[in-house]
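Asks: Listed below are the residues making up each chain.
2 protein chains.
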Amino acid sequence: MSNAAQPAEVTRTLARFVTASQPSDVPGPTRHHATRTFVNWLGCAVGGARHEAMDIAIAALSPMAGPAQATVLGRSERLDILHAALLNGISSHMFDFDDTHLKTIIHPAGPVCSAILALAEHRPVTGEQFIHALTLGVEVECRIGNSVYPDHYDRGWHITGTAGVFGAAAACGRLLGLDEQRMTWALGIAATQSSGLREMFGTMCKPFHPGNAARNGLMAALLGAQGFTSSDRGIEAPRGFAHVMSTRFDPTQITSGLGESWEIDINTYKPFACGIVIHPIIDACVQLREAHGLTGEEIESIEARVHPLVIELTGKKTPRTGLEGKFSVYHSAAVGIIHGAAGEREYSDSVVRDPKVVALRDRVTATIDDSMHEDQTEVDIRLRDGRVLTCRVDNAIGSLARPLSDADIERKFRGLAQDILPSAQIDRLVGLAWKVGELARADEVARAAAAT
Amino acid sequence: MSNAAQPAEVTRTLARFVTASQPSDVPGPTRHHATRTFVNWLGCAVGGARHEAMDIAIAALSPMAGPAQATVLGRSERLDILHAALLNGISSHMFDFDDTHLKTIIHPAGPVCSAILALAEHRPVTGEQFIHALTLGVEVECRIGNSVYPDHYDRGWHITGTAGVFGAAAACGRLLGLDEQRMTWALGIAATQSSGLREMFGTMCKPFHPGNAARNGLMAALLGAQGFTSSDRGIEAPRGFAHVMSTRFDPTQITSGLGESWEIDINTYKPFACGIVIHPIIDACVQLREAHGLTGEEIESIEARVHPLVIELTGKKTPRTGLEGKFSVYHSAAVGIIHGAAGEREYSDSVVRDPKVVALRDRVTATIDDSMHEDQTEVDIRLRDGRVLTCRVDNAIGSLARPLSDADIERKFRGLAQDILPSAQIDRLVGLAWKVGELARADEVARAAAAT
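Just so you know, the sequences run in chain order A and B.
Counting from 1, position 367 in the first sequence corresponds to residue 366 in numbering that gives the first Met the number 0; the numbering is continuous, with no gaps.
Counting from 1, position 419 in the second sequence corresponds to residue 418 in numbering that gives the first Met the number 0; the numbering is continuous, with no gaps.
To be clear, the hints were calculated from the coordinates, so they are not data collected in a lab.
Honestly, I wouldn't trust all of these hints.
Output of the computed footprint for chain B on chain A, the stretches with three or more beta carbons under 8 Å from beta carbons of chain B [unchecked claim]:
id, segment
1, 240-252
2, 282-289
3, 431-444
The following residues of chain A were derived to be distant from chain B, with all beta-carbon distances above 10 Å [to be verified]:
id, residue
4, 123
5, 154
6, 157
7, 195
8, 198
9, 300
10, 312
11, 353
12, 391
13, 405
14, 410
All residues carry an ideal CB built from backbone N, CA and C; glycine is no exception.
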């Protein structure tokens, strides 16, 4: 793959790259990043499986669903691969707890993994092929995102949906063995389905977006495979994706260094199931808890100096529901101390109303400190015995500078899955997920994630 | 329904209108327009049923399709309602021969009729309910189109897809009996799937757009019916459909006079299966043929004075395929004389290569006349006996000023269906289609359109 790709032919350049790439072209560390992305996504998808939105979508759509081709992760239903892709994409983004490509705020795994895991149940592939396709799909969606960000996002597009459909099409097209022309068409069929509005944030339509991108990208690949024609320039043409849906378009972000650097290397994973601005404060509280064996009762007050956005976005003093808890730096700090975690469970209604949590929450203050950047905080904990414990965080856990360890990702996985699947099944599932790249059939993971 | 609707609440205003409207609110002539729209659409869908794009889409998607709930019109397959809506939407726009709302160049029937006819096979409704829902769906999509046209279209959006998904959602939501809140959500779920790029013109993705709008609008209604939440302001919010996808947005085009005027009253139907700029010339040739019993052999030359766009868009002197024939004013004039028609059959490869047609085509000239507007022409036919016959057309047949008669629409229907279904079946089908509004079950028409 030459660097001198023609900006005039970015769709074809991507198609050529995706069809020509070999698993051995992907460095070992990048393959490991892909595995981390997969494990993190799988935990999120299993964790979201019993959300009301899933029940609703399944009630609405299963009467129209096709053969039992693929698993709805963490559930007992098996549906056709298009519906399975849709539903797994919805559940994986349900808690806003999935991965983030920070350069574009794309959540890359939802569209890609949801599509290829469903497809792999219908058309078996090896783990190596699967991880390779995953890596290529993420590369395609993130590079397309890079080429139009931030104007495209600022305009109001939910970029996980709009760019994700290309990633799903590319990854599925790869697994289906499309040639360059059919891959080009598949990307065009993806382009003409690109959709998803930020207005939907706060409703069930937000997690619908990665699911819809997965379903539509998979459909684009299936159609392309049979020779359904599309534009050869779906991304770059004057009336194609980039110009119609963005004011900024830098095609070199798509073509430059293609195959030499990998966007999945800079994918990140949230340790906490809430907005990223309060991650430094939770991080500091968890660190102090672990360093000093805190339980909460010995604490007189917690004082955090924070970036102004923390108060603006998460200043809710007396949250009453789990969802409100996500917008409360006070609740978040309290569970960091009492539970040493801030996963989906710590944002349940019952934990938000737990008297012990409420009592500590009321002893938390947050003060704006304009010297702090968004990923910084300084937390002072004043103990009843008069001591003051301090923790400064310059980069929160989960940021690119301080990525989650594999053990952190596995702990997150177990926390998400614990109310959904029996613990023995979780043990087996997480073990399979880590070694997905070595499996003879990648879909063994999907079957292992079915509820019985 | 008050005229003083709040522009700030256009999505809810539409939802309230669609849920509150009664069949008796729709005047008789408007119901007849809806029936004409339905008959014209059905003929187009049956006519496109055997196109290669249909074979490809069915091969790609039928392995994932659900129960045999609905007819693929003009074919023997029965698929789940989502796939049937998709496929019937594709076939109905295959020849670009469907209806046109000239104010927005939306092709209104494809998204709406494809969705509701499939749904009606699964959830029976009366013909009265069906025609009412069709009318409401067209109203919703065309009013949304009016509010953003032309900027939205000029930006590169294929408005039949982007606005059509709302029409399908509204019409299906009405048949499913959604309340105002759920209809509002269904419109929001439609908004966040709105898509379709003009870059795709000339490829199979163009007819894919109304099909996709039908499928996605139907899905939006099914999800909304179960309580899948969305924004209440999917159309008008700062990050909603209108502001993200258009620079112009006039919400009064949606709310003003709602329920008092009907967009379906100004729907139009193409008499000829080619670009609208050559319709006046074909019209003139057909008129001269019929007035003078012409067959072609007595003609020495045909001279048309035409608007400049005719030469620019359809100046192909020696077309070799059916598709090229559509871009040849010369071929089009010749078949107008020889066949008295310019339907899909007259743009087949064999007719384009017919020596008799070629010989006459070579005696046609077209001269730019800057005094002609786009819907005008003057045609002189010089006969071998020295006589000159002249016909001037100021508004082509099929325009708002000279709408097709019901008999014209039926003739078009029969021409489209003749190679697809046996003639006795066509007789029965067209009879049922004209009286769809009186049927106890509207889906009787769909079953009558299945190939055996």
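Asks: Confirm or reject each hint.
Replies: Taking the hints in turn, this is what the structure says about them:
1. 240-252: Per the Cβ count (3), the hint holds.
2. 282-289: violated (count 0)
3. 431-444: violated (count 0)
4. 123: Holds: least Cβ distance 15 Å, greater than 10 Å.
5. 154: violated, 6 Å
6. 157: violated, 8 Å
7. 195: violated, 6 Å
8. 198: violated, 4 Å
9. 300: holds, 39 Å
10. 312: holds, 17 Å
11. 353: holds, 27 Å
12. 391: Fine: 36 Å to the nearest Cβ keeps residue 391/A off the interface.
13. 405: Holds, because the least Cβ-Cβ distance between residue 405/A and chain B comes to about 35 Å, which exceeds 10 Å.
14. 410: holds, 31 Å
Hint compliance for this structure: hints 2, 3, 5, 6, 7 and 8 are broken, all remaining hints hold.
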